[in-house]
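K.L.:
Position chain F relative to chain W; hints supplied.
These protein sequences, in sequence, are chains W and F. Take the working numbering: the last position of the first sequence gets the number 177, and nothing is skipped along the way. Take the working numbering: the last position of the second sequence gets the number 177, and nothing is skipped along the way.
Just so you know, the hints here were simulated from the structure itself, not pulled from any lab data. The beta-carbon is built from N, C-alpha and C at its ideal position, and this holds for glycine as well.
Below 25 Å or equal to it, Euclidean Cα-Cα: the simulated DSS-like pairs (lysine-lysine) are:
no., chain 1, residue 1, chain 2, residue 2
1, F, 76, W, 63
2, F, 6, W, 63
3, W, 6, F, 63
4, W, 128, W, 54
5, W, 6, F, 59
6, F, 76, W, 6
Cβ-Cβ distance ranges computed for the label pairs, FRET-style:
no., chain 1, residue 1, chain 2, residue 2, range
7, W, 84, F, 146, 25 to 33 Å
8, W, 7, F, 15, 18 to 26 Å
9, F, 103, W, 104, 28 to 36 Å
10, W, 177, F, 9, 46 to 54 Å
11, F, 67, W, 84, 20 to 28 Å
12, W, 101, F, 32, 37 to 45 Å
13, W, 52, F, 152, 26 to 34 Å
14, W, 82, F, 101, 41 to 49 Å
Protein chains: 2
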Amino acid sequence: MIFEEKTLDSKRIYEGRIINLRVDKVTVVSGTSTREIVEHNGGSVIAAVTDDNKIIMVKQFRKPMESPILEVPAGKLDGDEDPADAALRELSEETGYTAGKLEKLTEFYPSVGYTTEVLHIYLATDLKPGACHPDENEVLEVMEMDLEEVYRMVMDGKIHDGKTIAAVMMARDKLRG
Amino acid sequence: MIFEEKTLDSKRIYEGRIINLRVDKVTVVSGTSTREIVEHNGGSVIAAVTDDNKIIMVKQFRKPMESPILEVPAGKLDGDEDPADAALRELSEETGYTAGKLEKLTEFYPSVGYTTEVLHIYLATDLKPGACHPDENEVLEVMEMDLEEVYRMVMDGKIHDGKTIAAVMMARDKLRG
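This is chain W alone, in the form it adopts within the complex:
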């Protein structure tokens, strides 16, 4: 029943630092069409929740929005790095926290129409604070916020980062059992 689009031709438009772009010529019902596809290596997302139900959040300037965005910690996989390793590494780099327990919540595609990006969401608990060591050019504000307050911000339409909405909603329900 589901129609599959076969690739007839593929043209590489750009190979970059974080993304590549290709345009595929594909079969569609009435003949052929094109699909513009961004290639991305994927990343890990961490809902890090303390014993007293605070979630670790970061705020940073995001160029596509020309604005600071409030998010959960996250980062790209290094090559073929295991997503769980990337989650622990990014949590430590960005926030200084180490996690005694890491559970996978899900993996998802942020934008199925045009990018191959996959994000792996983890719930990190049994947290211990430490010194953060972000990349030189990664300027982050780290904060602890009440998980219930951030959940309320999601429901009030005040959290605008997709991975953060998914991570906060899923972590909260997971922790409530």
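P.N.:
Below, chain F alone, put in the same frame as chain W:
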């Protein structure tokens, strides 16, 4: 405190059907860097829930994943179309349903690192079925599923589309009050 990246130069790499790509040269703490930015016109996402708590879902082949994906209905804004109008239009085109009531749940960025895409999520209720009329090359399987079943699939890591995770989680909590 939040560092802002000023644009020193911008190079257009590609102008396409659904996305454009540009590379900006920006100021960073230690000098300059580049930001690869996909430009996208944004879209609307519809959590359409019937009086008996079923949610309208669609399954379609997604080229970046080379696989069919189970999603809530959604679609791109036509030019400067109002997101609420786009929500009602896409719901009708893809599924045939018309909604007596439409409430905005939130708007969010699917991938803050490299794309300008914004998605507007609506909760559509007071639904009436009708004939769907998808684009000729849009091959969709439409189904009604129990909202609680889809919620369980989200929590079990079986829903892999980001906008669908956000829409299902938020619509369910909104309806539960």
